[in-house]
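**Q** So you can see what is in the structure, the chains are spelled out below.
2 protein chains.
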Amino acid sequence: MMRRTNKWSKMKHNLVVLSFFFSSLNLYAQEEQTRNFMPVPQEVTWENGRFDIDQNFTLSLHGNFDDRLYGASQRFLRRLQERTGVFFEQAYVNESHVNQQAKFIIEVERAGVVKLNEDESYSLQVNSDQILLKAKTDIGAIRGLETLLQTFDADRKGAFFMTANIQDSPRFPWRGLMLDVSRHFHPMDVVKRQLDAMAAVKMNVLHMHLADDQGFRIESKALPKLHELASEGEYFTQDEIREIIAYADDRGIRVMPEFDMPGHATAMILAYPEMASAPFQYMDKKPDLSPEEKKKAYAEMNVEHILERHAGVFDPTIDPTNEKNYELINLLIDEMTALFPDEYFHIGGDENEYKQWADNDQIQAFMKENDIPDHHMLQNYFNTKLLAMIQAQGKKMMGWDEILVEGLPKDAIIQSWRGKESLFEAAEKGYTGLLSNGYYIDLMHSVDDHYTVDPLEGGEQLSEEEQKSILGGEATMWSELVTKNTIDSRIWPRTAAIAERLWSSSSVTDLDDMHRRLDVTSRTLEEFGLKHITQPNVILRNIARSGDIAALKVLTGVAEPMEHYNRNPLGLMYTMQSPYTLFADACIADAPDARVFRKLVEAYLAGGTSKENEIKDWLHFWSANHEAFMKLREHSSTLAEVEPLSENLSKLAEITLESFDHSKAIDQEWYHEAEQFYYEARKQQARTILQVVKPMEKLFKNNTKVLYAKHTTSIPKIDCSFSDWNIEDWSLFTSEREYVGGAYRTDSAHYALQWDENNLYVALRMNNFKISADKKYGDALGNFIELIFETEDQSRYTYLLQANNKSIATKEVNETSTSWKNKIKSKVIVMGTLNVQEDWDEAYQVEIAIPWKDLNSKFSDAIKMNMVIHEKASADEDLKFDYLIGTSPNAHLILVE
Amino acid sequence: MMRRTNKWSKMKHNLVVLSFFFSSLNLYAQEEQTRNFMPVPQEVTWENGRFDIDQNFTLSLHGNFDDRLYGASQRFLRRLQERTGVFFEQAYVNESHVNQQAKFIIEVERAGVVKLNEDESYSLQVNSDQILLKAKTDIGAIRGLETLLQTFDADRKGAFFMTANIQDSPRFPWRGLMLDVSRHFHPMDVVKRQLDAMAAVKMNVLHMHLADDQGFRIESKALPKLHELASEGEYFTQDEIREIIAYADDRGIRVMPEFDMPGHATAMILAYPEMASAPFQYMDKKPDLSPEEKKKAYAEMNVEHILERHAGVFDPTIDPTNEKNYELINLLIDEMTALFPDEYFHIGGDENEYKQWADNDQIQAFMKENDIPDHHMLQNYFNTKLLAMIQAQGKKMMGWDEILVEGLPKDAIIQSWRGKESLFEAAEKGYTGLLSNGYYIDLMHSVDDHYTVDPLEGGEQLSEEEQKSILGGEATMWSELVTKNTIDSRIWPRTAAIAERLWSSSSVTDLDDMHRRLDVTSRTLEEFGLKHITQPNVILRNIARSGDIAALKVLTGVAEPMEHYNRNPLGLMYTMQSPYTLFADACIADAPDARVFRKLVEAYLAGGTSKENEIKDWLHFWSANHEAFMKLREHSSTLAEVEPLSENLSKLAEITLESFDHSKAIDQEWYHEAEQFYYEARKQQARTILQVVKPMEKLFKNNTKVLYAKHTTSIPKIDCSFSDWNIEDWSLFTSEREYVGGAYRTDSAHYALQWDENNLYVALRMNNFKISADKKYGDALGNFIELIFETEDQSRYTYLLQANNKSIATKEVNETSTSWKNKIKSKVIVMGTLNVQEDWDEAYQVEIAIPWKDLNSKFSDAIKMNMVIHEKASADEDLKFDYLIGTSPNAHLILVE
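For the record, the sequence lines run as chains A and B. UniProt numbering puts the first residue of the first sequence at 1, with every later residue one more than the last. UniProt numbering puts the first residue of the second sequence at 1, with every later residue one more than the last.
Bound-form chain A, shown alone (with noise of 0.2 Å):
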């Protein structure tokens, strides 16, 4: 039944174009309010004219202003240049250019200073003949300039701003991005164009965590060896620092250095080893490390200075007891505050497992005879040392939240990466916090998942005044598995949306126009040179040898990297140095088709069956892919490892269009085969995981709802002996498969459905179910099995059926709900042994005679009928249905004769 319906893979060719026609589906489509807008601003009232761009466009910069309002007007007309096309008479920003007549006219009361809290707020008046933009500082200004360019729109008739007032200023004061650059390390011209969209959408601190395990990326001129020995050449030098500063400044953007201390230090001690904790060694300690790999990696290494090559947490540590560990960490700080004009430091402080304190005697001596009570205060002493440090320098401590221990000075700032938890209780305790769990970009999770995480939410029990303490939040991008080609595309667009939930009022969640306007922002976001759109091409043109693509875009439409830390299991799969021109490489985390066929089916199955040939097409589209596929497959081995992946996607498209044909669901055969297949698809292929099965599955399920119940003349007797049915075709019930307790559900159960003009005769075995009538402990105590009816007039009728400690005992009416109106005949017997303490029984088996009148029912192929699965969590718990472990087809009845 996997057979490939080969009529369609010769319409693959028109197919392939079907991409492009659904993903440009409401192409031009705007919502009124939010329109463009990432971040949507405050308050926003449109008007309903347009301010035509032309060649006379002029601007013109009234007030007090730093003269970083210059580069960014002059940015702006370069832009709006290059997005219209229009070549205007005035191409640049200066002093002489001051006219109240101009067409743009921006007034600013000061120069803004680009640290914490400063004032970012603007007005913004477009009208049809001029637009003002008013702002406190130039930074608001800034702030108002990129909103302007979202209210850019262009016809026929040529290119214009909707007119509107805008008032607006940003809900939180911290609005980050962290950049890893000691993973893999990104040059220069990758930092630029980050801050270029950081600023596009309102972003304001670049968080640089230059030390870590792997690299030590800056140089230092009190401590020439971290970048010399530490780095292998890769890293920034003061002057370009002082470069990305000014970049940085000149956009309204902070940038605030992180030295991760006393943990994640390889890279530092592998300099200077008289810091650590432990005699270095390379790799000695390396977690799940087999002798094998051991010996490989010290046999490439074979010199003296090598970095860390794996991801992953390891023992080098800096030894807080030494007191000239403290000299050397205080010629770094001062000399690193004063490159970094910010006022914040950040020391990191994370994933100190203290091993390496713990197995020295020195160190285990000197907390005994300081009366430190454990390794949590002996790092509290560490960053209580440094704290001082940074405070002379006049600056303010931050770390990750492992630094919030006993004895922290509240000037220290928490960076909640573990969960809002620590952040609340950060704040309860007075301290100043800013969020980054639910933010961790490289995880590779669906912009979904982070858009929906407020940094305030679930936070109602804070005063105003611990509110006000939660200072924002930052999308954190560690680089373990990101090379310079490919981070921009695990920043962006994702990242734009993390901007917005910390820009825009708390009530601007809505998915579907987040999704409309994180589009047209991906787009916008080339104009800085970034790589998010292109580069994945690039990999794929690669990956196949070729520059004909189409087939290989098909499968990045609907697959997606493995997330969390999957993809590089104990980090051991992947090196800093392996390739990262790999096919999961050019999948990005929001696969652009599998959602637009999600949306389909969730259209379809509630309901919105005008989708059904939309949906058919693309499954069309999918099961022609694969032989284009392998056309390239030919001249590649690289995609040796996607070949299972696209051939998943083509088989499940066929059995999902098998599926519409409703005589395939009584064919056992071919149902368990399927199920099998969905089941077997959802493993990873090439580190990807294909994000369309679900929603095929859900279409599989779906489609295979119909019950077939078969005219009888022979009465069967109500005794759970089946050998009075005369059944052909069991059907099936099954699970939906939901991850459950560590496993998933492989529920299921057999049944029968014959009919007559007194009856519906229901036969049920319910399979591979574990149940003991006599166990003390475990899942089967207390189950239930409960099979509901739905009338035509959606009456629901339950039927209960328990097993208890001791007996099975049958419930004919469930009394919370609608009761029978008849007692009902039927049977339950557990096959197996019975109450015999030590085994599993086998399976429940039913047999019950519903009258049709208690379904208010006669000869009625308008019932629906379900199952649902009840479980127990425990033993210990009598009453309580702990979860739904499978709901059974919410299928349509069929009397057939």
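Everything labelled a hint here was simulated from the structure, so no lab data went into it. Treat the hints with care, as some may be off.
Any copy, or any two copies together, can satisfy a pair, since identical chains are not distinguished.
Straight-line Cα separation of at most 30 Å, BS3-like style, residue types lysine-lysine; simulated pairs [claimed, not checked]:
(1) Lys157 to Lys553
(2) Lys484 to Lys553
(3) Lys683 to Lys157
(4) Lys553 to Lys616
(5) Lys631 to Lys157
We have chain A; now place chain B onto it with these hints.
**A** Okay, now just chain B, sitting in the frame of chain A:
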């Protein structure tokens, strides 16, 4: 008749994919010998095995070499991993990896030096179990690494190198790319990726054009106003220059600086006005600027230091008579020769138009005093001074070919931009030189134009020694119309073909094979982050305001930017700050689909009628595209200028499709409109040219080459009166519109044919043909018409009509041709005032009866009929036929009842 054939617009979607289909023809086809090489090595012997690439690939370096070989080997490993997706056990190359059993052994005799004439030869032996690369220098080894990467291949089984034995060395020692960073600045990342790409195709000189009218782009500590006042902040710091030089050195590439003097020096003079030959006033002598334009320009400036914004040749010129200037220039030369280690130093010297010198009395006096006869020699005086400074630093001076005047010392080196003649002249005079004429990649010519330029071709008269003095060539990337975003698609892939011309044997000339290999090379260059493939799509998405740019890709598939300097007439349409995000900027010099179509049409016209369906598929595809285009157009004002182009393409495709219907050929109204339309469609739209017009027109001409002769029973009188002809549709001979003497020819001739059993009757009226029997001048005298018949046996019969000074004579037999067997009945008259001197007459009118037997044919439809019009160039030349102004269709005669 311009009606849209709507049945096709419905099929647009499945046609969109044709572009994929067509462009992927011969996707993996490879010529046995040249495979994917670019440049092709001197000697290649293929073995029939394969060296399989797996994780156990190892590389070991032997002999004496510079550290650059570690870097190059490391990059080789990285690129190989990134192509194959294989994770090598050996990811690094250092001393620890020396191993005679390594899979890949590199043996080098000595460290190379990055200088002219360094040894770049290598030999490469790829066996199935081991690879051996031998070279005298590490630079040769680096060239060999690129060759090895070009033997990379893959199939289902895996990735491999083809086994081979290769001996290679360059034909020319100087293979350069000149990068103009003055007009538009191109920052570090742009320069670095050009260096990577250059190395990939074995180029060895980066020529940095650092100073021109529009900007001085390098930090000068000696004359800091140069970069401070004349760069708008866009310049290379000296640290950056050192970084570029080191990066280039690592890749075996020299970096030569150019400071253009004494002309093209507006930027220098802006910074140091005291250097000028006339008081500096911006734009004061801007050629061709209207008073309004000047006024606007001044109004915009209003500040002292603003860079020249336009392209062209400007007046500001350094005063060669001012000794102080030499002090300043000497400071600059001392500083820059110290910074750039290369032996060569380029002083520009081009396009000095001497205006300011001629207008400056003091300069004129100086010339008189010093016996300097003309401005050429004055510039030579200037050059000689610079030469001494350069030589004092131990360097050699290079200049554009204007510097070559009497008295130029032989040490100076000539870079020829004006033509090979000046290069050969220089060689004959004993100078060394290199060629850039023919390699002006900024002019957007087809790669074919560059590839077919051989520096030595045509210089056969040169002695071997003189030939050796021609060092090679340089592709020149002038950047008036090129930004950092678009430059990659202007340089690549065409420059790879120039690199091959300069490296490979002169016998490597096959254009089709070059194109095949160029496609592969182009994709491979994406490894270095080059945007030549991706950036056009970025531009199109911006223009379309959509991610769905399929309709625009159809257009960029067939449209090319205007060639030569035509895109920017007089240098005034664009400024350096204009938006270069227009449709033309997304088009490339070799529109890919246009080339495919041209080849198809050529094959078809050469008798490959099997191509008809493929041709029609393209035409249907284009015909349907305009509708898709217009959907984008509704939301884009930038597309306004593209709309006529899109409409033209669709209309032309329709007309060309229609022309396949032979009955159309006798519809004169249709024919005229169509002809006019092809003519109009040749014109630029959106500063691009539709490159499929000509092949479509060829098809049209071919398809309409059907002659219909009607059967008649009433024999016409041969009296030049057509009243006894019953003609409904006249046919038409038309000129092929070759561009002759400043205008397209519009000559045409109406004609009709009739036949009976005895004769073929011809009625011919030569229209619109300016003839005067008694003019003393002009092109009318001595004109000829030839009617040529070619029969089945391929005999040719020519009927000649001649107009002489006084009368029209007929000649039945063209003496130089096959003779007619009988006297043919005919009559010719001139319509108009014959013999009135003052006017032009209207036309010839001709009537002929040609007996079938004289055509050696009877009732034959195998006759082809041509008409040729000859014209004399002038009245004075009596018998010389200067040019063929038109050839009628070589049409097939159809006898109809």
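**Q** Work down the list of hints and note, for each, if the structure agrees.
**A** Hint check:
no.: 1; hint: Lys157 to Lys553; verdict: between (35 Å within a copy, 23 Å between copies)
no.: 2; hint: Lys484 to Lys553; verdict: both (22 Å within a copy, 28 Å between copies)
no.: 3; hint: Lys683 to Lys157; verdict: between (51 Å within a copy, 24 Å between copies)
no.: 4; hint: Lys553 to Lys616; verdict: both (19 Å within a copy, 28 Å between copies)
no.: 5; hint: Lys631 to Lys157; verdict: between (45 Å within a copy, 14 Å between copies)
Of the numbered hints given earlier, the model fails none.
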